[in-house]
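Student: Can you make the complete structure from the sequences, with help from the hints?
From first to last, the protein sequence lines stand for chains A, B and C. Under the working numbering, the first sequence has 9 at position 9, and the numbering climbs by one with no breaks. Under the working numbering, the second sequence has 389 at position 389, and the numbering climbs by one with no breaks. Under the working numbering, the third sequence has 451 at position 451, and the numbering climbs by one with no breaks.
Worth flagging that the hints you see were computed from the coordinates, not collected in a lab. Backbone N, C-alpha and C define an ideal beta-carbon position, used for all residues, glycine too.
Calculated cross-link-like contacts (lysine-lysine; reagent style BS3-like; alpha-carbon spacing at most 27 Å): (1) K626(C) / K103(A); (2) K98(A) / K626(C); (3) K634(C) / K103(A); (4) K181(C) / K475(C); (5) K91(A) / K634(C); (6) K181(C) / K303(B); (7) K86(A) / K634(C); (8) K595(C) / K303(B); (9) K39(C) / K454(B); (10) K373(B) / K181(C); (11) K373(B) / K41(C); (12) K445(B) / K181(C); (13) K39(C) / K373(B); (14) K89(A) / K634(C); (15) K98(A) / K634(C).
What follows is a list of derived Cβ distance ranges for each label pair: (16) I67(A) / A622(C): 50 to 56 Å; (17) K181(C) / E366(B): 15 to 21 Å; (18) L574(C) / V468(B): 45 to 51 Å; (19) R133(C) / D479(B): 37 to 43 Å; (20) V101(A) / A606(C): 37 to 43 Å; (21) D364(B) / L574(C): 39 to 45 Å; (22) G612(C) / I19(A): 56 to 62 Å; (23) F655(C) / K98(A): 36 to 42 Å; (24) H361(B) / K98(A): 51 to 57 Å; (25) V650(C) / I83(A): 28 to 34 Å; (26) I11(B) / A606(C): 45 to 51 Å; (27) E366(B) / N572(C): 34 to 40 Å.
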Amino acid sequence: MGELSLIHIQIASIVLFSIGIYGVLSRRNAVLILLAIELMLNAVNLNLIGVSAFLDQSRFLGHILIIFIITIAAAEVALALAIVLKLYKEKRNTDVDKLDVLKW
Amino acid sequence: MDSWILPLILIVPVITLLAILFIPKNNDETIKNITIFGSAISGILSLYVFMAFAQTRDPNQFDFSMVWLRNLSIRLDFGVDGISALMVLLVGIVYLTGTLISCKITERIKEFFILYILLIIGVYGVFISQDLFFFFFFYELAVVPMYLLIAVWGHSSEFETFNRTKEYGALKLMLVLVASSVLIWIGILSTFVVANQNSFLFKDLIDANIGNDFQIFIFPFFLIGFGVLAGLWPFHTWSPDGHVAAPTSVSMVHAGILMKLGAYGILRSIEFLPAGAQEWMWLLLILGTINVVYGALSAMAQKDLKYVIGYSSVSHMGYVLMGLATLNVIGVAGSVLQMFSHGIMTALFFALVGVIYERTHSRDIETLDGLIKPMGIAGTLFVIAGLTSLGLPGLSGFVAELFIFIGVFQTNPLMAILGVIGAAITAVYILRLIARIFFGTVSEKWANLPDISKFELIPSVILAFFIVFMGVLPIYFIDAVNESVKELINAYLSNFVAG
Amino acid sequence: MYELNEAALQAPTNLGIVWWAPILYIVSFVVLGLLSRTKIKYTYFVPIIVSFISIGIFITVFSTYVSHSWERYSCDTIGVCWNGIDPWFVIGDIQMHFGAIIDGLTVTMLGLITIVGSLVIIYSVSYMHDDPRKTWYFSCISFFIAAMLFLVLANNLLLIYVAWELVGLGSYLLIGFWYGKQTAVDAAKKAFITTRIGDVGLMVGILILGTSFTTSSGAIGTFHIPDIILAAQQGMYSTSELNWGCLLIFLGAMGKSAQFPLHIWLPDAMEGPTPVSALIHAATMVTAGIYLTARLFPLYEISTIALTVVTVIGLITAIIAASMALVMNDLKKILAYSTVSHLGLMIFGIGTGGYAAAMLHLVAHGFSKALLFLSAGNIMHSLHEETDIRKMGNLRHYMPITTICFLIGALSLSGIPPLSGYFSKDMLLHGVTHGKIDFTNIYFLLSLGFIFLSSLYMTRVFILVFWSKSTTEYKDIHEAPKTMNIPIIILTFFSIVFGIITCLIYQDTLLDIMHLVTWGFLDTPLHFEFDLILTILSVGFALSGIIAGYFLYQENYVNKSVFNSGLFKSLNSLISQKYYLDDAYNWIVSNVVNKVTAIVSYIDRAFVNDIGINSPGEAIRATSNKLRYIQTGKVYNYALFIVLSISVIVLIWIFLETGKIL
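Tutor: This is the structure in structure tokens:
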């Protein structure tokens, strides 16, 4: 096994990202979709760290960017969970399939 | 001092508008009085502009210019020459008379007058602009209020096999006119870029010597774009439906002024696109002639009084377009005179139709009968308007049509003959209409209608006065217009030769 | 390049007063028009005074003209005759002035219009006495006479067109005067529309003649009649231009002067008050076409096709209308068809070159026919608006003055010497035959036939109305009042003496009135020459018509079986149905015109609008109707869509950057 290089990290990132996409597209439970979105965000973070560590050692821009991303992810999840909670109170279930009022 | 008159012509309606805006909704009388007062002042100013111009014949007399947006080279530039001065007079007259006629409207009169004044501001602006950007700006401003005016205060029509609701009429008018202004806007922008003068002013564009190929390519945009507003066949169908659906004073402005905007636009674009004009004028001539004959034939078949007048407008605008297409002094002068004459005449028609409708609540030709007995004065005025429409000498229509016939005859005798035949067809349907509605035995239900009232009489008499005045003493109008047209054609000829 | 004839002969300034005649009539029109809704009495004095003044003007102009030995005066700008008024308007470089030509033709027409006009006005005072709208009536008559005067004075074609249309308007207002009657309204409309159709030809003809060559001053042409005539003679017009111009102008004349097939309006025009018929449809408006053709005669001389058309149409009109006059039963309609017939004769006369003869007949007919119409007015007045001659008879016992006057008018029109009609008919025949009697000349034969027919129908009318036993009881019938009889008597006087004066006594001088300064005519008779054989033939045919009429109608041979079967019967029904012309026109109107306009209107709505303009809108609406299903409302659809799109975009980006997928 060689050194840990960028490609390993990126493969891990891709795998996580795919799992996240799969989760978003196939889950019916709203909370689980949010979970998957979190996974995607973290996958992206991983990618950025890898690129930044291996390729941008002068300025570490990626490291700086993930701080923003983590913060925003946290805020967004808070908001999203609040909405899901309200929805649950209204509809008594978290099934995304049943949310289709805003249609043609 | 003189250079402030033109901005004043725009400012007076704006002030009237603001004054109305601040009056609470239910003071109908005050609103009407203020609007009438404002329109009277505008009318007097327009008359002054025309008469002063007729005295001095100086196209630079009223010039007013200031920079608007330096980066985009847009200037606020006003000026009149003979043609615009006559049109300004037309707007003044129709504005005043339209306002007086509108005093019969009872609901939401404040909004009505606000929109109406916006419309008038737009129309005034088009005729006095010397800057192509503001020309277009005011042009659009004139179109937008039409939608609301027709959709809210208009009348719907029902026929046996189809319906024409006022919403339909308003929507169609709005969309067709906006679509055509897209064409115009493309034309304007591309001309601006190609001319490379960094200015939208007419005179700069004329001096720019745009290349012939581009001119030939871009001219149809202007031709069709402005032509649609002028009621060019086959894009004219917005016009009859729009006329019919609109309330009386809006119809007066619509037929009397709005359609002339289109012709005026074509006229101005001939100035800075001479080669293009030369290349495409045959099309305008043919389509204009089709307008005349087709419009007249359609008018003959209509059963609704307002539709007859609407198609008659399409037909008469055909004469205007034919005259423009001749590109010689006589034809174009005739076209300008016809713009004025038809504007006044059709305003009178619609005013009287409004009077009739308001009394009888019917526009059906088959049921209206013998109206001259109860409504003698209205009938007489209607006959005067009708005789103008068929080109009887002694009324304004004759002079204009004569010029157009002579001008067109020199370009293409066949079209002139069709135009003369069109005048004969006009005689047929107008006389039929008058005979059916006014003469004959009066039936019970119409026998006791009130005749024309003061508010309707004054505008109708003003309009009739201008018709007769221009018919009997046309020299005042012809002189004012003739020189400007001569200059335009000379510029066209020399520009074309050089460029 | 053609030199404009700028130098008008220096006219004696007092000829300028000729313009006061129409202007005073216009003043009368405006004043009476404004007063028409009031109840002021005695308003009719205004037109009466104006008419006397205009007769005075005519006499002045006439004597000035006579004393200056027949030179033509063209008052080009009013400035020459009056004092400096600007042109009415300017077209390009053409100035249109109110200019006048004063020559024999003008003076003749001037006399006819002013004299008959004033007589009709005087007659109308009592005829229209009970009508509540009589002020408006006099207003319209003033307007009409003013327009007619403008027409005959005009020296340029545009002014003639203007006056022509205004005359048409006057006729419309007067025919449709009793607007409550649907028939009157329809008749007025028909008159205006039929003449309008002719006017298309007139306008196009004027355009052709006016713009076919450029003048030395660079103008596109000229509408000034003397210049046009001179230009034609100098060959400035191509043959086709001249032919078309003349033919089309004649089309206008056909409309106004009721030539076949545009004659259909004239019989219907009898719906108007009878004095109107006397003025407009006997003496003035219908003569406008003849006047115009005569005025432009030099052009027709050059364009032989046009001249032939003129001749043939005139003759056809004359014969057909005479045949219709024979079978009508309405007194005024008979007189109307008789007018059409005589107008045809005048046109025919011009066509064969009998220019002066046609004008002589125009005046003679004007007096005689006006006389006949006014007598008819008398009869209608007494019989309470009855016009069916089968219900009349024996009126000579009740209305002797009317009878005598009517008789003289009828004899004059039949061509019995020494009344005026004889002289003019004889001159016409002279023009047709050019002095040699040639029985193979079809024109000559048909003219003789015409003379027979015209005296036949005149006799019929006279017998049925005045002579034979009446079938109805007359209540309360009396001779007409003096104000109605005096004009008739004056007209009778003119009918008697006019011919004698112009042709025998003052032959050399007065007949030269109608002589245009030489244009180089076909050999046309300008003097009345007494030709025994011709006289015998014409008078003979006329007398045989009278005798035949007597036998047919007084002795009632008409009911003999030979006249009631076969050819005569079908001929009778053909003619009584007016050759089915009216039916043909009605059919054309309802089937062709109405259908065409309905089709155009339908095309406009269904095709141009619904398909052309509405369909883009409809198409967009239909498309968005389908497209809206993309909004399924389900979140994962949207998410899938986002993912897929981004993948595609990224792949494309990579492809463009590196040239290969992945």
